[in-house]
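Novice: Sequence:
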Amino acid sequence: MQSLATPSVLYRDSFLEGAAEFLAEGRFDSTYARSLGYDSDSLADQFPQFVRDLKALAEAMGSRAQYPDRVLWLVHEGEYIGQTSIRPELCTPYLLTYGGHIGYSIRPSRRCRGYGKAILALTLVVSREIGLRRVLVTCDSDNIGSRKIIEHNGGQFESAMVMPSQTFRAEGRTPVQRIEKLRYWIDL
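Going by the working numbering, the sequence shown opens with residue 7, and the numbers climb by one from there.
These are computed hints drawn from the structure, not numbers from a lab. Source: prediction; values computed, not measured. Beta carbons are placed, not taken as given, at the ideal position from N, Cα and C, and that holds for glycine. Possibly wrong hints are sitting among the right ones.
[What the hints assert, rightly or not] Within a straight-line C-alpha distance of at most 25 Å, the following computed SDA-like cross-link-like pairs (lysine to any residue) qualify:
id, residue 1, residue 2
1, K123, P170
2, K61, D35
3, K154, M7
4, K61, Y73
5, K187, G32
6, K123, I150
7, K187, R117
[Said to hold, decoys possible] Pairwise CB distance ranges, derived in the manner of DEER restraints:
id, residue 1, residue 2, range
8, S9, P54, 35 to 45 Å
9, E157, E31, 19 to 29 Å
10, E83, Q162, 17 to 27 Å
11, D35, G151, 34 to 44 Å
12, R140, D47, 15 to 25 Å
13, G151, M7, 14 to 24 Å
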């Protein structure tokens with residue numbers, strides 16, 4: 007059975023495998039490693055520190071974060087499957103417009119197996135437990151799987167916003183075509 011876990015060195019090997027998959031896909035930023043100053047080599051070499059840095063994101067004060075960002079890993083039978091992050095406050099223009107309260111990613115080799123629906127459902131439970139009553143969840147217009155996951159979990163479409171080039175860069179992507187950010191609200 008899958009569950010959300012606090013990042014831990016216990017999942018080092020499967021996390022590094024997942025990080026390599028994200029890197030090959032061009033989405034290494036999905037792991038938070040690059041934004042925390044790690045590349046694939048330093049991530050492996052300094053994994054315990056990386057885990058501490060991830061945990062520190064939940065407390066914006068004293069970390070590299072501009073806002074609190076609680077990162078949790080989806081694990082199944084002791085294996086890292088993906089991760090989710092909960093941003094309790096939409097306290098930056100980016101979060102309010104494009105980022106939302108919740109972000110999630112499933113490692114490429116584990117997609118299309120129901121883990122996306124599960125990770126968002128579990129994240130909504132945690133969000134409710136920490137006092138959120140309504141959350142903004144977004145996805146790119148070209149990510150049909152994520153759109154279905156959000157809608158399956160009760161997402162009500164609000165609007166679509168064109169993503170400027172700086173937003174693509176902030177998300178670690180290179181714009182190749184016009185992509186919109188789809189905004190959904192979920193009542194908890």
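Novice: Enumerate the violated hints, using their earlier numbering and listing them in ascending order.
Specialist: 1, 8, 10, 11 and 12
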